[in-house]
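S.K.: Each chain, written out:
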Amino acid sequence: MSEQLTGAQIMCEALIREGVEVMFGIPGGAIMPFYYAMYDYRDQLRHVLCRHEQGGGHAADGYARATGNVGVCIGTSGPGATNLVTAIANAMLDSTPIVAITGQVSSAVLGKDAFQETDITGITMPITKHNYLVKKIEDLPYVFKEAFHIAHTGRPGPVLIDVTKDAMQARTVPDWDVELSLPGYKPTYQGNRKQIREAIRLLTNAKKPVLIAGNGVIMSGAVEELRTLAEHLQIPVITTLHGIGAFPENHPLSIGMPGMHGWVHVNKAIQESDVLLNIGGRFDDRVTGKASTFAPNAKVIHVDIDPSEIGKNVKVVVPIVGDARNVLQVIIEELPARGELAEMYSRASDWMEHIRDMQAMHQPKQRYTRPDTPVMMPHDVFASITRIINERGSYRVVSDVGQHQMWTAQLIDWFRPRTHFTSGGAGTMGFAVPAAMGVAIAHPNDTVWAIAGDGGFQMTNQEMATVIQEDIRNLKVAIINNGYLGMVRQWQELFENKRYSGTPLSGPNFAKLAEAYGWKGVTVTQTDDIDAAIQEAYAHDGPVLIDFQVEREVNVFPMVPQGKSIGEMITE
Amino acid sequence: MARSIALKKHTIVALMQDQPGALSRAVNLFRRRGFNIESLTVGHSETPGVSRMTLAVESEDVEQVVKQLYRLIEIVKVSDVTDDPTVDREMVLVKVHAPVNSRAEIVSMANVFDAKIVDVGSSTMIIEMAGTPAKVENFIEVIRPYGLKEMMRTGRIAMVRGVRTHQATEYVDGNRHLTAALN
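Respectively, the protein sequence lines represent chains A and B. Counting along the first sequence from 1, when you hit position 491 you're at 490 in numbering that gives the first Met the number 0, and nothing is skipped either side. Counting along the second sequence from 1, when you hit position 25 you're at 24 in numbering that gives the first Met the number 0, and nothing is skipped either side.
No lab work stands behind these hints: they were computed from the structure. Misleading hints may appear alongside valid ones.
Said to hold, decoys possible - Non-contacting residues of chain B with respect to chain A, defined by C-beta distances greater than 12 Å in every case (computed): (1) GLU37; (2) GLN63; (3) ARG143; (4) TYR145; (5) GLY161.
Unchecked claim - Partial pick of chain A residues on the chain B-facing surface, computed with a CB cut under 8 Å: (6) THR120; (7) ILE122; (8) HIS129; (9) PRO251.
Small disclaimer: the values here were computed from a predicted structure and weren't measured. Built from N, CA and C at the ideal position, the CB exists for glycine as well.
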């Protein structure tokens, strides 16, 4: 191909070469040449016009999480680019591979405060895995190749490419035969075998071992390997918020979620454990509580692809840097045969029995006992959602941030990877609806539920228009509407003597709002009507919003107060 | 505010690709943690397209930030050479008040430090001096009483002694430094 192409055409060709099918964005002055070129590629590159760049960023993030491929979002210079910032930071903290493409003013006026100019590479430096400012058309082919490579290899993350308008408008014959030249970027995929053997020695001699599975298990596709290892060792498996789905919750070895809103028996098991194997989790402070008191008796084995995570929050005895799947495969390979582990199995069954005893003692208190009133409790809604989505199958759930997010993690049953999506690291309210849009596009045959609070929903609900324009029919939204910014209100109730400062929240008639956008809108105020509303959502061929107006002041329990040890949980 | 934890002076040497934004990214990491960079020296290395940076920072612990530095795409190699045997050098230019009657004395003082007079004006001199950071410090203290009008220090550069160019604390492979820590 010796044809001359514009920079913008090269960008489109590069995206196709990277296997991109869908992009989420909004045009504007500086990015117009790219949209001009995109028009000719519209059969290969589907462009989803979002209503706000943050929505586009979250949609790309949701799409990436749902598929494991790189998500792409687009914004113009200035405000278009800065509107992407929250979504990029969100992807950074949750290690989601996205590529954000922004238009920049022409190189001739760069740095001169031109109309809609912002230094987006400067702004996003600390919240991207890497970023580029492209001023010359010749750089486009290799920059796109590098950007996609960096985004999805090693520990995935967001990469931003800022392209000046003149680079998009220039013409050249692209040179696609560029070798990647990244001498400073060599992610470590293979774990050190000596350390792996040491890990096995600790695990097989442990009396009270636990395994924590994080997002890395899902991202590296190690679900099968995890199961094999857990069964071979008969080790109790804990799944973090992002590890949800890495291990089926109905498995006899699954014990649940740890941390601030984890189950009491899980946190107690961690505190009692003598060996703790963490695969692909980063010991976030929402998992560890006060880090210095976390798992005080445990020898910690930490498997992570990012060496800078190891030893960051928790003291590690056996560090293993590598891809979760590769490391698990080697561990499995090196494991002693089952016949040699009789003694360990007998200890394991005592330990599991102890954990189940703790669960039996604490779990009843954790069950949400509903008061004898007709008032609709959030847990009634979650009970119905759980039952009905299990009956229907093929579900994916995206939660927003706050109380409903914790109920979603706690109360819905999770069996498969890439079925539960949430903003964990950044805790970005407004994530659910746009991210669910990305998930719904990625999996058109599954029903995608976005569960949001009335606060988070109102931050990005304009994407309902996008859903209609794109004819996305498999998206259903459940608002757990309590008229408060509920999680903050909960903290105010528990720790600030009910000073409800800035938390009471009004909203529109959500069902009518949905109808105005062309959705089906349903309002539910009575417990008895929950099931029918959910069934109605399934019956309707198109997007549906259900406004569940629940009891206003309900708390998420159990709870570890911030800065406290995970051994100190409040349960009521 | 009383400081309860003793701060240690760390010297970090890094090789990085010579690209726009690379230095900024590296420096940003220290800013994020609230570390004050004492000195920073960057220049071409023996490999074309690769710069070598020496960074001096005072902090209780730099291990985490060094690992994060290694995580940056353009950073090819990072070493914390604080505890390694190194040759450390720094250069300083000083403009000193030097009327005719004190010139001879200043010149002889400069000679003691192997410093060079590089400019002589009607009432000033510029002196160039290089040495270990401690010696540079010493020289400045000696010169200061004559009237220090202007001073410019390059900041330290450091190189590990002997044939070794790879140190135990080097971050080139995710597992290597961790293995070293384990053994």
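S.K.: Now look at each hint and say whether the structure bears it out.
M.R.: Verification of the supplied hints:
1. GLU37: 22 Å, holds
2. GLN63: 6 Å, violated
3. ARG143: For ARG143/B, whose nearest Cβ neighbour in chain A is about 39 Å away, the distance exceeds 12 Å, so it holds.
4. TYR145: 43 Å, holds
5. GLY161: 24 Å, holds
6. THR120: 7 Å, holds
7. ILE122: 11 Å, violated
8. HIS129: 5 Å, holds
9. PRO251: 34 Å, violated
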